[in-house]
Amino acid sequence: MTLSKVQNTDTGHCARVVICNGLGLHLRPASQLVKLASRFETCEVTLTKNGQTINAKSIMGVIMLAAEQGSEILIEAHGDASAEAVAALVEMVEGGFGET
Amino acid sequence: MTGESTTPSIWHGIPVSPGIQIGKLYIYDPAQTTISRRFIRRGEIEQEKTRLADAIAKAKESLLDLRGKVVQSLDEAHASIFDPQLMLLEDPLLLDRTYERIEQQQQNAAMAFTSVVQQFADQFASLTTDSYIAGRKVDIMDLGKRVSQLLASADPETTNSLQFTEDVIILASDMSPSDTAQMDHQHVKGFATELGGPTSHSAILAKALEIPCVVGLGRVLQDARPGQVAIIDGYEGQIVLDPDQRELARAKSRRRRHLAYERDLQKLRTLSAETVDGFRVELAANVELPIEIPHVLAHGAEGVGLFRTEFQYLERAGLPTEEDLFIVYKKVVESVAPHPVVFRTIDLGGDKFLSTLQTAREVNPFMGLRAIRLCLAHPGVFKTQLRALLRASAFGNARIMFPMISSVREVLQAKAILDEIRDDLRREGRPFNEEIQIGIMIEIPSAAVCADSLAREVDFFSIGTNDLIQYTLAVDRGNEQVASLYDPFHPAILRLIRTTIDAAHRQGIWVGLCGEIAANPLCALLLVGLGINELSMGALAIPEIKRLIRGIRLADARRICEEIYSLRTSSDIHAYVREAYRSIQRQRRKSPVVGTS
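Going down the list, the sequences are from chains D and L.
Reminder that position 95 of the first sequence reads as 826 in this note's numbering, one-by-one numbering, no gaps.
Reminder that position 206 of the second sequence reads as 230 in this note's numbering, one-by-one numbering, no gaps.
Fair warning: there could be bad hints in the mix.
To be verified - Okay, derived cross-link-like pairs now, DSSO-like style, lysine-lysine, Cα gap no bigger than 27 Å in a straight line: (1) L/93 to D/766; (2) D/736 to D/780; (3) D/736 to D/766; (4) L/276 to L/291; (5) L/439 to L/355; (6) L/407 to L/355; (7) L/407 to L/354; (8) D/766 to L/73; (9) D/766 to L/84; (10) L/93 to L/354; (11) L/82 to D/766; (12) L/84 to L/73; (13) D/766 to D/780; (14) L/355 to D/766; (15) L/355 to L/93.
No lab work stands behind these hints, which were simulated from the structure alone.
Could you put together the complete structure from these sequences and hints?
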């Protein structure tokens with residue numbers, strides 16, 4: 732299901748997701764997200780919200796997005812296993828980081 | 025030592041990690057720790073960058089070390105409190121800018137790191153007008169500040185104040201994982217904090233490090249001086265500042281007693297609570313948080329007689345989902361199996377209320393819309409909990425108990441809802457225990473009086489004496505002016521308990537008790553005499569009550585109970601039972617403490 736959301740880009744893959752957990756990307760979900768993104772060591776992962784793009788492996792960056800509930804985020808990845816990286820992040824975000 | 029000339033001051037908090045220690049106070053105040061800020065010469069830039077890299081490596085190492093200890097003593101979920109701190113130390117964005125700052129502004133590592141964190145925090149606050157999000161600026165600043173202190177302390181050039189040469193007890197307003205990571209654990213003998221509860225970072229870390237910890241002490245810092253001698257008591261949950269010789273001697277003897285007691289505990293743990301003449305009482309524990317379970321099992325609990333389910337509703341923004349609850353309940357049931365866990369359904373209202381349910385302000389909340397009444401008024405919330413409970417029942421020995429029952433009608437209503445859910449789950453093909461036991465709390469006088477009718481509808485009773493006493497005697501024990509009237513030995517209370525136990529037994533169901541009196545040896549003696557089947561209490565009391573039960577005969581306890589019903593005042597009853605208990609104790613001393621069977 733999540734894989735269908737993942738689209739090809741020139742250099743890798745991307746997907747659009749909506750933050751659905753109640754408190755948005757606060758410290759705990761942000762650190763879960765960074766942890767997951769960092770697992771794809773040889774793949775560059777970025778998040779974009781309202782034209783601001785940050786490195787998904789930076790906790791500071793992710794918090795800086797100030798992504799609250801309902802905001803739309805573009806996940807992009809290029810490098811090794813970019814499709815898997817995007818799919819895994821989509822699943823985590825759409826699963827509400829296990830908190831809803 | 026100046027202990028002789030000053031009066032000891034005693035502060036009470038919440039005991040979260042056991043042990044008794046004596047040491048000098050070290051007052052930890054992160055706001056007062058200054059980070060050395062200086063500008064460096066051009067020639068020092070490379071050296072400063074290397075120092076930052078070394079400090080980061082060292083700080084990471086100490087955080088990872090503590091994290092490992094928490095994984096070992098608790099679990100991965102609790103260890104994740106270290107993750108944001110660790111991530112900041114690896115953050116590409118943050119580190120790039122810090123190195124840049126060292127190079128371009130010629131600032132030393134600590135100053136560069138702190139300035140970058142400050143920049144981020146300011147930028148963050150300007151990003152949003154949402155006050156909730158803006159409030160998180162504080163989180164970032166706090167995190168950044170604490171990590172920069174950790175960095176500073178890991179820097180060999182900094183003289184580190186958190187390395188100790190003698191044993192200390194750390195006193196702080198609150199503590200974060202990175203604060204603890206800076207400390208030299210060899211000499212840290214205890215943590216005491218003004219803030220915090222059983223799940224705070226300090227509590228988790230102290231348990232992992234196996235040192236005593238007391239949290240929630242209130243404004244103790246205003247009274248404390250650095251270097252002052254203090255006793256920390258992680259059993260009672262108190263600290264004593266400036267103890268005199270008497271207090272010190274008492275602490276030492278208490279420590280000896282606890283050590284001996286813990287050895288005894290080991291011996292008692294696997295034995296059952298059975299009287300000399302073979303009457304067996306199940307001793308269970310009252311539990312609120314899943315992390316307490318290893319602790320209660322270690323004290324020899326044969327199950328959980330009262331699992332309070334309110335916590336999962338209180339520490340969050342919205343209502344928990346079925347899945348949230350299911351995960352918690354399943355974990356609890358699995359970790360206690362094969363022993364039973366009695367889950368008391370939501371007992372909110374009264375003193376705690378659920379803001380999301382928008383309950384009306386009540387003049388007298390203890391007699392208002394609470395517990396089962398609240399659940400029947402909000403069946404959606406109730407159903408979510410019952411579904412999660414039934415689903416968890418497939419994984420062990422779960423039991424469901426409804427609180428605040430005042431009439432048969434409420435039991436029938438609650439059971440009807442439960443039947444609906446059973447049908448739903450069967451249709452969905454989800455497994456649950458078809459034989460799950462359903463019980464009720466007997467804590468309202470009307471329920472005790474009508475216990476015979478209620479007994480036909482359920483599989484067990486649990487007598488909740490805390491409320492039963494309040495409601496029967498019309499005494500609010502939080503009100504100092506009448507608190508002395510709160511009296512478990514009042515003849516009316518003992519009669520209601522006897523009525524309830526007899527009614528249950530006539531109907532062939534078991535009956536337990538989960539109020540504070542279960543842990544009172546004199547009350548326990550009477551309850552055994554009345555034929556109680558289960559006593560549920562705080563885990564710490566279990567060994568003592570087990571020892572008591574193993575030392576008495578049911579026949580003697582019964583005889584004592586018969587006598588007291590002819591006594592008319594609670595002071596006469598109390599005196600009589602106390603004397604009877606003393607004579608049992610005298611006999612017990614002649615026989616071995618543990619193996620009386």
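Out of the numbered hints, which ones does the structure contradict? none
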